[in-house]
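Hey, can you work out the whole structure from these sequences and the hints?
Line by line, the protein sequences are chains A and B.
Reading the first sequence from the start, the letters are residues 1 to 480 in our numbering.
Reading the second sequence from the start, the letters are residues 1 to 359 in our numbering.
Treat the hints as calculated values from the structure; they're not laboratory data.
Heads up, a few of these hints could be off.
What the hints assert, rightly or not - Restricting the straight-line Cα-Cα distance to at most 20 Å, the calculated cross-link-like pairs of lysine to any residue (SDA-like) are:
#	chain 1	residue 1	chain 2	residue 2
1	A	LYS349	B	GLU357
2	A	LYS205	B	SER358
3	B	LYS201	A	PRO204
4	A	LYS21	A	GLU4
5	B	LYS201	A	ILE212
6	B	LYS220	B	GLY188
Values in this document were obtained by computation on a predicted structure and should not be read as measured data.
Spelled out, the chains give:
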Amino acid sequence: MSLELKMPALSPTMEEGTLAKWLVKEGDEVKSGDILAEIETDKATMEFEAVDEGKIARILVPAGTEGVKVGTVIATITGEDESDNGAPAPAPATAQPPAGTTTEREQKADESAPPAADPKGEQTPAPKKAETGTSQLAAEARPARDPEIPRGTNMATVTVREALRDAMAEEMRRDDRVFVMGEEVAEYQGAYKVTQGLLEEFGPKRVIDTPITEYGFAGIGTGAAMGGLRPIVEFMTFNFAMQAIDHLINSAAKTNYMSGGQMRCPVVFRGPNGAAARVGAQHSQNYAPWYAAVPGLVVIAPYDASDAKGLLKAAIRSDDPVIFLENELVYGRTFELPELDDHVLPIGKARIVREGRDVTIVAYSIAVGLALEAAEQLAGDGIEAEVLDLRTLRPLDREAVLASLARTNRLVIAEEGWPTCSIAAEIMAICMEDGFDFLDAPVLRVCDENVPLPYAANLEKAALIDVPRIVAAVKKVCYR
Amino acid sequence: MAKTSGGAAAAAAQTEPDDDGFQLRSLQEAHSTSRHYPASDDELLRFYQQMVLIRRFEEKAGQLYGLGLVGGFCHLYIGQEAVAVGLQSALDPDKDSVITGYRDHGHMLAYGIDPKLIMAELTGRQAGISKGKGGSMHMFSLEHHFYGGHGIVGAQVPLGTGLAFAHKYREDGGVCMTYFGDGAANQGQVYESFNMASLWKLPVVFVIENNGYAMGTAVKRSSAETEFYRRGTAFRIPGLDVNGMDVLEVRQAAEVALDFVRKGNGPVLMELNTYRYRGHSMSDPAKYRSREEVQEMREKHDPIEGAKTELLARGVPEERIKEIDKQTRAIVTEAADFAENSPEPALEQLYTDVLVESY
Chain A
1 MSLELKMPAL
11 SPTMEEGTLA
21 KWLVKEGDEV
31 KSGDILAEIE
41 TDKATMEFEA
51 VDEGKIARIL
61 VPAGTEGVKV
71 GTVIATITGE
81 DESDNGAPAP
91 APATAQPPAG
101 TTTEREQKAD
111 ESAPPAADPK
121 GEQTPAPKKA
131 ETGTSQLAAE
141 ARPARDPEIP
151 RGTNMATVTV
161 REALRDAMAE
171 EMRRDDRVFV
181 MGEEVAEYQG
191 AYKVTQGLLE
201 EFGPKRVIDT
211 PITEYGFAGI
221 GTGAAMGGLR
231 PIVEFMTFNF
241 AMQAIDHLIN
251 SAAKTNYMSG
261 GQMRCPVVFR
271 GPNGAAARVG
281 AQHSQNYAPW
291 YAAVPGLVVI
301 APYDASDAKG
311 LLKAAIRSDD
321 PVIFLENELV
331 YGRTFELPEL
341 DDHVLPIGKA
351 RIVREGRDVT
361 IVAYSIAVGL
371 ALEAAEQLAG
381 DGIEAEVLDL
391 RTLRPLDREA
401 VLASLARTNR
411 LVIAEEGWPT
421 CSIAAEIMAI
431 CMEDGFDFLD
441 APVLRVCDEN
451 VPLPYAANLE
461 KAALIDVPRI
471 VAAVKKVCYR
Chain B
1 MAKTSGGAAA
11 AAAQTEPDDD
21 GFQLRSLQEA
31 HSTSRHYPAS
41 DDELLRFYQQ
51 MVLIRRFEEK
61 AGQLYGLGLV
71 GGFCHLYIGQ
81 EAVAVGLQSA
91 LDPDKDSVIT
101 GYRDHGHMLA
111 YGIDPKLIMA
121 ELTGRQAGIS
131 KGKGGSMHMF
141 SLEHHFYGGH
151 GIVGAQVPLG
161 TGLAFAHKYR
171 EDGGVCMTYF
181 GDGAANQGQV
191 YESFNMASLW
201 KLPVVFVIEN
211 NGYAMGTAVK
221 RSSAETEFYR
231 RGTAFRIPGL
241 DVNGMDVLEV
251 RQAAEVALDF
261 VRKGNGPVLM
271 ELNTYRYRGH
281 SMSDPAKYRS
291 REEVQEMREK
301 HDPIEGAKTE
311 LLARGVPEER
321 IKEIDKQTRA
331 IVTEAADFAE
341 NSPEPALEQL
351 YTDVLVESY
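The following block contains the structure:
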């Protein structure tokens, strides 16, 4: 009997990887715990361990192969017991990352979950592959080029992860007051690899691993900013920032006002925000409306690589405290990034990422991708949707929202987050207060369901926004 | 230190220094050898003047509160004057920094900040140090390296640790003196800060002003370990147990602590045993303690009377002391007049200083 070894999912967002190296060859006897191969994910090189005993029968994917999809059969093992008794083979270790190679905190389900066990010949009513809610947050559509970028600028293709890292590195080169602190930012190279390489270039004085102690290090970062430095404080995710939120709001946001303008607090708090895949309610939340409600804070939530870089650089240079909300599911997406020596974008300005005359879809962060996808579908139905990426949530670009509404007279907000007291609710209020005369239809919002994010794949899928819901809302405001 | 299994070895471990020489009481011993700072007469007169200034200022603030000129919460420092004066007189105002909680008037006066600006902030006027937008609990002076004035119990501890981080990062030789109370000492963020301050050897002096009561809760009712100077032990931070009612003892302890910190050894934790004569804030009737207890402290341990007795014993003429008292009263009266007669902030001030930049 022969077991199939499949390409494992080894990181939270891994869809494919490089089979860097085989540590066994055909004919080798292996036992549980032996390291079979090294696999490179977008974040790190991981070891792939054997779960079963037996002999390596065939190696199907040679070392050095790139872009091996999760779930691809990469080798087969002949079981120790050669007499086939007809029982289904145990499922190969496709779903489990190797034990002990990732931390519990980092352990998040993948954007595309690995296939469930599906032994040959066994009939099961269970789905072959659990389709996660976050798979519906994927988007192929890309924003139109930012008109602020000079014509003729060379464009590179980079991931959001790289863009963020480059923004920090450039600002650290420019200003020696800038430093990065947080959990696993230095030696581990970042829990999501956003700080990769920074320790090597800038050393441990400026790239600082902290204990797991958000309240304490958020306060230390804030105090260092009051003392004249320019800290970048990374939260492994913004879910953990709730442990520290007193310093973000009471210490960082209010001190300039309470001191009559004496006490600057130029700190950037950044990290992934919003739903991640299959990690359940405590690790999946969009905090944008929380921070955007607080006077004294600047809140930025970029979508593509160009905005991520240009706005993070602006955030680091700002004399105000900035909450910089990234998205784990977007880190690995590639976008065009202008090759400029100093790509800094204005804070507080929304951007039209697709032009259209019939209806406006307002979005930010990961929902921008969905809005663009929806706009493409709608174009097929003869509806030209304008997509406005807010980019900065505080101060909010009211003028851009109202100007787009004045052109299209219909507006839908797409937000990956709860509807109650949301950014969407704020946009609706702006439209009522200052855009009422432009409106040809009630403003609608498409948000996540009003529940904690469930774990089960089907429930997660039902809870999160998706393109069809946006398309339906747009058609409704267009009376189509 | 490796875990030991034998009972004798375990007992020995409690008294012997650790591998790297950490001893909770290492500084206490240095402090015990000479408890009193050898102040010159002029220095002691200056300490006396500063303590009297704080006392008279706070009495006046309480008076203005009663007249409705000061609003909200107002926490007075009466009784604790020797702590801020003794400690801050040891700092270098050009490079060191100070941060504290909401009972902050005394620390500002001890750092030489103009009483007029503080009093005008209490009355919520444009001329106040925070333009009237901060109030009693939220005052700052970048000019004097005084970083507040923080209203959330314990929040100033990581902030002060961050200021110390900045001193070390910039290599400016500065130390941050971070004050908090026995109540704040039970906040989790305090220990998170201890851990990182010790781990990174930050130049910070943690000062616990133990006035016996966390608002209305006596120390022994809220704290499993009431000897607060021991609370850095788990983080290898040496402690100092100091009589906070004696300005010369406070100053001497500050010398010991600052010497240790300035040498790059990391933080020190000082417990200053002190007492506040007034309630927690102006609205606190202080029913949780007896009149006799307060009276006993006032009569036998008052820091100002103590300094006065010492001055007289040294042969400083009583007239000189009386002259200081008189001058100080005049300073406070002038501050109160200024605070009462300054205009309120212009309405446009409502919208300024929210953000530094325009976007």
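Okay, the hints, checked on the actual structure:
1. A/LYS349 with B/GLU357: holds (14 Å)
2. A/LYS205 with B/SER358: Roughly 32 Å between the alpha carbons, so the hint for A/LYS205 and B/SER358 is violated.
3. B/LYS201 with A/PRO204: Between B/LYS201 and A/PRO204 the Cα gap is close to 14 Å, so the pair holds against 20 Å.
4. A/LYS21 with A/GLU4: Since the Cα atoms of A/LYS21 and A/GLU4 sit roughly 18 Å apart, the hinted pair holds (cutoff 20 Å).
5. B/LYS201 with A/ILE212: holds (18 Å)
6. B/LYS220 with B/GLY188: holds (18 Å)
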